[in-house]
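K.L.:
For the protein sequence lines, the chains are A and B, in the order given.
Take 1 as the starting number for the first sequence in the UniProt record's numbering and just add one per residue.
Take 1 as the starting number for the second sequence in the UniProt record's numbering and just add one per residue.
Please note that a few of the clues may not be correct.
Claimed, not checked - In silico DMTMM-like pairs for lysine to aspartate or glutamate, Cα to Cα no more than 20 Å straight-line:
1) B/52 with A/93
2) B/66 with A/81
3) B/122 with A/93
4) B/122 with A/81
5) B/170 with A/39
6) B/66 with A/93
7) B/170 with A/93
8) B/118 with A/39
As the list claims (entries may be wrong) - Reference listing, derived: stretches of chain A covered by chain B, where coverage requires no fewer than 3 residues with Cβ under 8 Å from a Cβ of chain B:
9) 31–45
10) 62–74
11) 102–114
Said to hold, decoys possible - Pairwise CB distance ranges (calculated):
12) A/112 with B/125: 52 to 60 Å
13) A/123 with B/2: 55 to 63 Å
14) B/25 with A/109: 35 to 43 Å
15) A/84 with B/96: 25 to 33 Å
16) A/81 with B/169: 20 to 28 Å
17) B/54 with A/81: 25 to 33 Å
18) A/112 with B/25: 35 to 43 Å
19) A/59 with B/175: 52 to 60 Å
20) B/205 with A/112: 41 to 49 Å
21) B/103 with A/123: 26 to 34 Å
22) A/126 with B/144: 32 to 40 Å
23) B/181 with A/84: 35 to 43 Å
24) B/2 with A/60: 31 to 39 Å
25) A/85 with B/96: 23 to 31 Å
What the hints contain is simulated information worked out from the structure, not anything from laboratory work.
The C-beta atom is built at its ideal place from N, Cα and C for all residues, glycine as well.
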Amino acid sequence: MANVGIVLISHSPKVAEGVKDIISEAVSNVKVIPAGGTEEGGIGTSAPQIQQAIEEADSGGGVLLLYDIGSAGMNAEMAVELADKKDCYVADDIPLVEGGYVAAVEAGMERSLDEILTSLRSSFLSGSKE
Amino acid sequence: MEMKTEQAVAWIEKANALIQSNKEYLTELDQAIGDGDHGLNMSRGFQEAEAKVSGTDYDTVADVFKDVATVLMSKIGGASGPLYGTAFLKMSMTVKDKDPVTEANLADAVEAALNGMKQRGKAEQGEKTMIDVWHPVADFLKNGQNVQADKLEETAERAMNETKDIVATKGRAAYLQERSKGHVDPGSTSSFYLFQALADVWKKGE
Ligand SMILES: Nc1ncnc2c1ncn2[C@@H]1O[C@H](COP(=O)(O)OP(=O)(O)OP(=O)(O)O)[C@@H](O)[C@H]1O
Ligand SMILES: [Mg+2]
Numbered sequence: 001m002a003n004v005g006i007v008l009i010s011h012s013p014k015v016a017e018g019v020k021d022i023i024s025e026a027v028s029n030v031k032v033i034p035a036g037g038t039e040e041g042g043i044g045t046s047a048p049q050i051q052q053a054i055e056e057a058d059s060g061g062g063v064l065l066l067y068d069i070g071s072a073g074m075n076a077e078m079a080v081e082l083a084d085k086k087d088c089y090v091a092d093d094i095p096l097v098e099g100g101y102v103a104a105v106e107a108g109m110e111r112s113l114d115e116i117l118t119s120l121r122s123s124f125l126s127g128s129k130e
Numbered sequence: 001m002e003m004k005t006e007q008a009v010a011w012i013e014k015a016n017a018l019i020q021s022n023k024e025y026l027t028e029l030d031q032a033i034g035d036g037d038h039g040l041n042m043s044r045g046f047q048e049a050e051a052k053v054s055g056t057d058y059d060t061v062a063d064v065f066k067d068v069a070t071v072l073m074s075k076i077g078g079a080s081g082p083l084y085g086t087a088f089l090k091m092s093m094t095v096k097d098k099d100p101v102t103e104a105n106l107a108d109a110v111e112a113a114l115n116g117m118k119q120r121g122k123a124e125q126g127e128k129t130m131i132d133v134w135h136p137v138a139d140f141l142k143n144g145q146n147v148q149a150d151k152l153e154e155t156a157e158r159a160m161n162e163t164k165d166i167v168a169t170k171g172r173a174a175y176l177q178e179r180s181k182g183h184v185d186p187g188s189t190s191s192f193y194l195f196q197a198l199a200d201v202w203k204k205g206e
């Protein structure tokens, strides 16, 4: 089974690229695709752009999407609907940088999408109940 | 009224005109309680939406709405992109195969749009978002027989003004907590323009 792919969604293209850079230092066998900014490269997010990133990140093991603030979560969900794939999930309320790093490391250890999501939730959402 | 493709296109043209002439105002509202991009987002989105629908021949109103949804979704770039995109997508699905679109169909479409937006934004009425305008408008259209355009506009306008006293619990303004009070919500204002434009097209068809 192929590794889970990761999509990093930020309002800023630089942030999305930067988080990918941080991850790439430690993980090389996982597809990590940044999807930052609007279609014009401005501050914001774009569902079609995220959808494209999902396609690129998918190598058969599923795709996990992480996002920063505001509309990013909405556009992430919209993109998942547009992509119409199973095994494609938005990691709700998980911090982009730390969560993205943890997710990529675990994907590199061939953990499944479910395992990674469970691990993210227990690391970052400990205060809230599931 | 009945809506055919001409009226649907006219709606978008009128909405775009209102948004372009109030672009600065929408920006000011969003600067007060958000990140200041709502004027730009809406002006870019509706400019492109108008360009798309004005230059295309349509067979059905559903096709007009579908194109509007696609353009808004990809061009707006802020929260209002997925929200208005979802609204027009739901309206398109609701009026599929309806020709012309009757008042009752339109009421169903606006209700479906509202439900789609609530789901997309995980928001309810009273959180100081555009839902606060769509909700009473949907109720108004649903309950009325021979709905009058003026009343439609009034309903949207009143709802927009009422967002001023609400403390935001969704969107960027929610980070300001109590300080979000005393300002009208930017998205509710652009939604008012949308319904003002609809009322205008409606009057011409009466
Ligand atoms: N969760 C939500 N549910 C419903 N409406 C919302 C939500 N979040 C924001 N809105 C509406 O969107 C409007 C702001 O739209 P705008 O285009 O400025 O996006 P934004 O908030 O700046 O997006 P982003 O967070 O991506 O920067 C608000 O005034 C509000 O009416
Ligand atoms: Mg804004």
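K.L.:
Taking the Cβ atom of residue 112 of chain A and the Cβ atom of residue 125 of chain B, is their distance within the range 52 to 60 Å?
P.N.:
violated (39 Å)
K.L.:
For a C-alpha distance cap of 20 Å, please report whether residue 118 of chain B and residue 39 of chain A respect it.
P.N.:
violated (25 Å)
K.L.:
Go ahead and decide if the range 52 to 60 Å is satisfied by the Cβ distance of residue 59 of chain A to residue 175 of chain B.
P.N.:
violated (37 Å)
K.L.:
Count residues of the segment 62–74 of chain A with a Cβ under 8 Å from any Cβ of chain B, then say if the count reaches three.
P.N.:
holds (count 3)
K.L.:
Measuring from beta carbon to beta carbon, are residue 25 of chain B and residue 109 of chain A in 35 to 43 Å?
P.N.:
violated (53 Å)
K.L.:
Does the hinted range 25 to 33 Å hold for residue 84 of chain A and residue 96 of chain B at CB?
P.N.:
Once the Cβ atoms are compared, 19 Å apart, the range 25 to 33 Å for residue 96 of chain B and residue 84 of chain A is violated.
K.L.:
Measuring from beta carbon to beta carbon, are residue 112 of chain A and residue 25 of chain B in 35 to 43 Å?
P.N.:
violated (50 Å)
K.L.:
Note whether the CB distance of residue 181 of chain B and residue 84 of chain A lies within 35 to 43 Å or breaks it.
P.N.:
Holds - the Cβ-Cβ distance for residue 181 of chain B and residue 84 of chain A, about 41 Å, lies within 35 to 43 Å.
K.L.:
Counting residues of the segment 102–114 of chain A with a beta carbon closer than 8 Å to any beta carbon of chain B, are there 3 or more?
P.N.:
violated (count 0)
K.L.:
Between residue 126 of chain A and residue 144 of chain B, does the beta-carbon spacing fit 32 to 40 Å?
P.N.:
For residue 126 of chain A and residue 144 of chain B the Cβ distance comes to about 50 Å; the hint is violated.
K.L.:
Range first: 20 to 28 Å. Now tell me if the beta carbons of residue 81 of chain A and residue 169 of chain B are that far apart.
P.N.:
holds (25 Å)
K.L.:
Assess, step by step, whether the Cα of residue 122 of chain B is no farther than 20 Å from the Cα of residue 81 of chain A, and give holds or violated.
P.N.:
holds (16 Å)
The structure does not agree with the numbered hints 1, 5, 6, 8, 11, 12, 14, 15, 18, 19, 20, 21, 22 and 24 stated previously, though it agrees with the rest.
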